[in-house]
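Engineer: Throw the hints in and build the complete structure from the sequences for me.
2 protein chains.
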Amino acid sequence: MREVFQQELREVRERLVEIAELVAVSIENATTAFNESNVSLAETVIADDTRIDVAAAELDELAINILARQQPVARDLRVVVSALRISASLERMGDMAEHIAQLARYRFPDKVVPKSLRGTFKEMGALDVEIARKLVELLMTEDVAIAEHIRNEDDKIDALHLSVFDKVLGETWKGEAIDTVDATLASRYHERFADHAVSISKKVQYLATGDWSPVD
Amino acid sequence: MREVFQQELREVRERLVEIAELVAVSIENATTAFNESNVSLAETVIADDTRIDVAAAELDELAINILARQQPVARDLRVVVSALRISASLERMGDMAEHIAQLARYRFPDKVVPKSLRGTFKEMGALDVEIARKLVELLMTEDVAIAEHIRNEDDKIDALHLSVFDKVLGETWKGEAIDTVDATLASRYHERFADHAVSISKKVQYLATGDWSPVD
Numbered sequence: 001m002r003e004v005f006q007q008e009l010r011e012v013r014e015r016l017v018e019i020a021e022l023v024a025v026s027i028e029n030a031t032t033a034f035n036e037s038n039v040s041l042a043e044t045v046i047a048d049d050t051r052i053d054v055a056a057a058e059l060d061e062l063a064i065n066i067l068a069r070q071q072p073v074a075r076d077l078r079v080v081v082s083a084l085r086i087s088a089s090l091e092r093m094g095d096m097a098e099h100i101a102q103l104a105r106y107r108f109p110d111k112v113v114p115k116s117l118r119g120t121f122k123e124m125g126a127l128d129v130e131i132a133r134k135l136v137e138l139l140m141t142e143d144v145a146i147a148e149h150i151r152n153e154d155d156k157i158d159a160l161h162l163s164v165f166d167k168v169l170g171e172t173w174k175g176e177a178i179d180t181v182d183a184t185l186a187s188r189y190h191e192r193f194a195d196h197a198v199s200i201s202k203k204v205q206y207l208a209t210g211d212w213s214p215v216d
Numbered sequence: 001m002r003e004v005f006q007q008e009l010r011e012v013r014e015r016l017v018e019i020a021e022l023v024a025v026s027i028e029n030a031t032t033a034f035n036e037s038n039v040s041l042a043e044t045v046i047a048d049d050t051r052i053d054v055a056a057a058e059l060d061e062l063a064i065n066i067l068a069r070q071q072p073v074a075r076d077l078r079v080v081v082s083a084l085r086i087s088a089s090l091e092r093m094g095d096m097a098e099h100i101a102q103l104a105r106y107r108f109p110d111k112v113v114p115k116s117l118r119g120t121f122k123e124m125g126a127l128d129v130e131i132a133r134k135l136v137e138l139l140m141t142e143d144v145a146i147a148e149h150i151r152n153e154d155d156k157i158d159a160l161h162l163s164v165f166d167k168v169l170g171e172t173w174k175g176e177a178i179d180t181v182d183a184t185l186a187s188r189y190h191e192r193f194a195d196h197a198v199s200i201s202k203k204v205q206y207l208a209t210g211d212w213s214p215v216d
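First to last, the sequence lines map onto chains H and Y.
The numbering of the first sequence is the UniProt record's numbering, which starts it at 1 and goes up by one.
The numbering of the second sequence is the UniProt record's numbering, which starts it at 1 and goes up by one.
It is possible that part of the hints are untrue.
When chains are identical, the list treats them as one kind, so a pair holds in a single copy or across two.
To be verified - Heads up, simulated DSS-like pairs for lysine-lysine below, C-alpha to C-alpha not over 30 Å straight-line:
(1) K174 <-> K111
(2) K167 <-> K115
(3) K134 <-> K174
(4) K203 <-> K115
(5) K111 <-> K203
(6) K111 <-> K167
(7) K167 <-> K203
(8) K156 <-> K203
(9) K174 <-> K203
(10) K115 <-> K174
(11) K115 <-> K156
No lab work stands behind these hints: they were computed from the structure.
Structural biologist: Take a look at the structure:
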């Protein structure tokens, strides 16, 4: 019985890693589609979001089933509850990748943002991709140093996010209203993507240390 | 023992209602601050968000404790797991109210959006307030008809959200880039607020019917 339970907990962790891998592929495709105006890649991301949603819902069902049948306590209980929360955040990360892809699709064959912002969005996109990959590693290893690293990368994204507004509100901004709208939304999606990763990192840290800090 | 457990489940439900009430007050204050450029009301909302965060974190601790001590199964288990999810959505609704209040504070003594958009944002704000109040009622009664009502109100908000973009991207738009940025963000916050309410409604419907539809 105990062994079945440990096997089920391993399965929960493996599935979280799998969903995180799907999210990492999606954000990579989404940011490429966004930066290079690749509409077929954008459509792939949009289609793949359903897979992420289904995988997250299935993981939730598994976790609730484990709670019902195994009635875990102490750390095991925290693992299962955290899995439910982490899956919700991963699902939202998938949504952010989809939103970024949708912007690329709407504006195709144009690029979403004007030249003056492309460097900034390339940097933000690369950071989101790196964070997503680190998140896979974090969920595999529960190594708290990776959680720390993700937070640092998130600080960089926050700074880039603010710099987008500086540019859009600066005197040299020549964009039309549509450019302003899209840059605002795109920047917000990139930033939220990383926020969710930080939120997951905190949950993993909590599992490792027992310290459950209040919600971000 | 059984009676203690039922009492604890009641407490979970009561606390959810309390947090929903805090959220309803915050969105009312936030939209008033936003529409009337009331900076002290905006500061109230920003301060109150911490109370919502703490209340949500405390509810989560209670729910996890119940899982550990009472090891609920079947419907009782779903109630506790749903409470965890609902508290996460309520916490985000508080964040959206805070974001709306922050826009009001940044732009004070100016209003956040130019005249041509004020009617639209008043409508969106009123709908968000109504949805928040209905949510309190829904959590009190678990009456599925209210969940239906919230979804219908959310459709109206989605339409208003799109109309903001129509206006901002239309030929008559005279706003500066800062107006475009703020209208985009404000509209998104109003819309997300309602989305979270719909997501909670689905969870309550699921509790009532047992039908857990995949994530939105």
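Engineer: Next, verify each hint and record whether it holds.
Structural biologist: Quick rundown of the hints versus the structure:
1. Taking CA atoms no more than 30 Å apart as the test, K174 paired with K111 passes in both settings, with 15 Å inside one copy and 24 Å between copies.
2. Proximity of K167 to K115 under the C-alpha cut-off of 30 Å is found in both arrangements, the shortest distances being 12 Å within a copy and 25 Å between copies.
3. Taking the shortest alpha-carbon separations for K134 and K174, neither the intra-copy value of 37 Å nor the inter-copy value of 44 Å comes in at or below 30 Å.
4. Proximity of K203 to K115 under the C-alpha cut-off of 30 Å is found in neither arrangement, the shortest distances being 38 Å within a copy and 44 Å between copies.
5. Taking CA atoms no more than 30 Å apart as the test, K111 paired with K203 passes in neither setting, with 37 Å inside one copy and 39 Å between copies.
6. Within a single copy, K111 and K167 get their C-alpha atoms as close as 17 Å, and across copies as close as 22 Å, so both meet the 30 Å cut-off.
7. Taking the shortest Cα distances, K167 and K203 never come within 30 Å of each other, neither inside one copy (34 Å) nor across copies (41 Å).
8. Taking identical chains as interchangeable, the C-alpha atoms of K156 and K203 lie at most 30 Å apart only when both belong to the same chain, with a minimum of 21 Å there against 36 Å between chains.
9. Neither within a single protomer nor between protomers do K174 and K203 lie at most 30 Å apart by alpha-carbon distance, with minima of 42 Å and 45 Å respectively.
10. Proximity of K115 and K174 under a CA criterion of 30 Å is satisfied in both settings, with 10 Å inside one chain copy and 24 Å between copies.
11. In this homomeric assembly, K115 and K156 come within 30 Å of each other (Cα to Cα) only inside a single copy, at 21 Å, whereas the closest approach across copies is 36 Å.
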